[in-house]
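K.L.:
So you can see what is in the structure, the chains are spelled out below.
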Amino acid sequence: MKFLKQVGDYAKDSFQAAKFIGQGLAVTFDHMGRRPVTVQYPYEKLIPSERYRGRIHFEFDKCISCEVCVRVCPINLPVVDWEFNKEQKKKKLNHYSIDFGVCIFCGNCVEYCPTNCLSMTEEYELSAYDRHELNYDSVALGRLPEKVTLDPMVQPIRELAYLPKGVTEPHDLPKGSQRAGRHPEDILEELEQEKAKRQKASADSENN
Amino acid sequence: MESGIDLQGSVIEILGGFGIPAGLAKVIWMPVPMLLMLVAATVGVLVSVWLERKISAAAQQRVGPEFAGPLGTLQPVADGLKLLFKEDIIPTRADPWLFTLGPAIVVIPVFLSYLIVPFGQNLVITDLSIGAFLWIALSSITPIGLLMSGYSSNNKYALIGGLRAAAQSISYEIPLALSVLAIVLMSNSLSTIDIVNQQADYGILSWNLWRQPVGFVIFWVAALAETERLPFDLPEAEEELVAGYQTEYTGMKFALFYLGSYVNLVLSALFVSIFYLGGWTLPIPVETLTQWLGVNEFSPAVQVITGSLGITMVLLKTYLFVFLAILLRWTTPRVRIDQLLDLGWKFLLPVSLANLLITAALKLAFPVAFGG
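As they're listed, the protein sequences go chains A and B.
Going left to right, the first sequence walks through residues 0 to 207 as numbering that gives the first Met the number 0 numbers them.
Going left to right, the second sequence walks through residues 0 to 371 as numbering that gives the first Met the number 0 numbers them.
Since the hints were made in silico from the structure, they are not lab data.
Treat the hints with care, since some could be wrong.
[Unchecked claim] Taking lysine-lysine pairs in the BS3-like style, the calculated list, with each CA pair at most 25 Å apart, reads: (1) B:345 / A:4; (2) A:11 / A:1; (3) A:44 / A:174; (4) B:25 / B:85; (5) B:155 / A:18; (6) A:11 / B:345; (7) A:61 / A:89; (8) A:1 / B:85.
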């Protein structure tokens, strides 16, 4: 009887295994009918999110060579080359550079820069043949990246945060469709209208 | 009843009209179907490679190849061309003869097996009376080639991969042969033509699938293992071995392995459709259809239509199984080598033996339904 039980259990296991494979097949079969979520990269690009931390932008003229960026950087990465101008009694910046082969894009330097001469751009295509090419000097840091939405060669694709509620597929959205939630300016307008209404009501009650 | 188109007969007749003797006409005719079969097998491979890439892309919500030709249909051709122009490397201190012969020994039997694949009553290269046996015999040559190429590569990964491939092929050869034997027992013939004809009487109802459900599943599982498709692609397991017995192969020799595996997949699917799904027969028998439509079954036009319908049926059934294999590839995880051998020896072998014995018993008990 023990043998029969073993045989029965084995058969049950086999049937269960077959059932699970069938369920798995149903899942993959279901996936076949779905639209690809591919972004066809060189032709289509995702619009980076608002606070995307891409390559750092640097404005030479604003920099006061205080070296706060170097101090807040986890690895003291920015290289600030300055000399003291004795006549003006001011630091004079000669050269500034950040090596993006080493940078982790934490944004601390941007956060702490007292004159806002550092900022984050949405540029993320930093590939180079030689990693020394990633050491950006003050001129390279001063270049602004081209916006994805303004590039005529590229179809900008909105990422998930920019899509209306319940939509996950940016490709065939109708024109003018907005992201989930309301724009801040709409909320502000509404608030102001409410405020005006309240003021009017109070003015009316005072009159009566 | 001798139905279907006899192309060989008519070509010999036409050539005879030009004053060419029958023997010579036959010699002229002979290479045509062979070449046609070679081309058909290769095109079948290109189609299944394209299908594999497109279906796997769809299953993963990707796009898949789309730039080479319309919908990426030329992608397999591009792949082949790329492999053709790659440098052919033989590793140092490898055995050059075995290394070169290996892929050929893997591929040639697979192509030879197309000898007995029927696409219609007379659309077969040779109607051998030992057809099914020939296929079993040919497919057991493959492990030798795998072992040879693994052994001669002068590489430990290749050696282990070759050994694993041979072990797998041999373990799954037996349940495969046993389930074919059950079919043969019911059809009273080893000829693929007879096996199909025996399933032709009542359309879809008389297909072997209903009488051999267990054998069908075993055959398909064993065929997947034979062709090294995904739940059983242990010989080339990328994570454990680098790429199995083909680690050291480049260029055309690698392409031969690749081609061989896909030809083998299409071939196995063809055999599933021939052994279990009634080959070129329609789900509703042609005779019934012609009766309904009120046309003469033997008129030339109807013959051509039914002939091409038959080819379509074979391809449809075959590619259904190719599709299933691709879907399985993206569904099931790879088994471990001990699980693989357990499944082969402890499950499929006894079950297929029992299936064979039960088929024999049923054949004795109900000779009407089981081909007594």
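K.L.:
Determine for every hint whether it applies to the structure shown.
P.N.:
How the hints compare with the structure:
no.: 1; hint: B:345 / A:4; verdict: holds (17 Å)
no.: 2; hint: A:11 / A:1; verdict: holds (15 Å)
no.: 3; hint: A:44 / A:174; verdict: holds (18 Å)
no.: 4; hint: B:25 / B:85; verdict: violated (40 Å)
no.: 5; hint: B:155 / A:18; verdict: violated (38 Å)
no.: 6; hint: A:11 / B:345; verdict: holds (16 Å)
no.: 7; hint: A:61 / A:89; verdict: holds (13 Å)
no.: 8; hint: A:1 / B:85; verdict: violated (61 Å)
Taken one by one, the earlier hints fail for this structure at numbers 4, 5 and 8, listed in ascending order.
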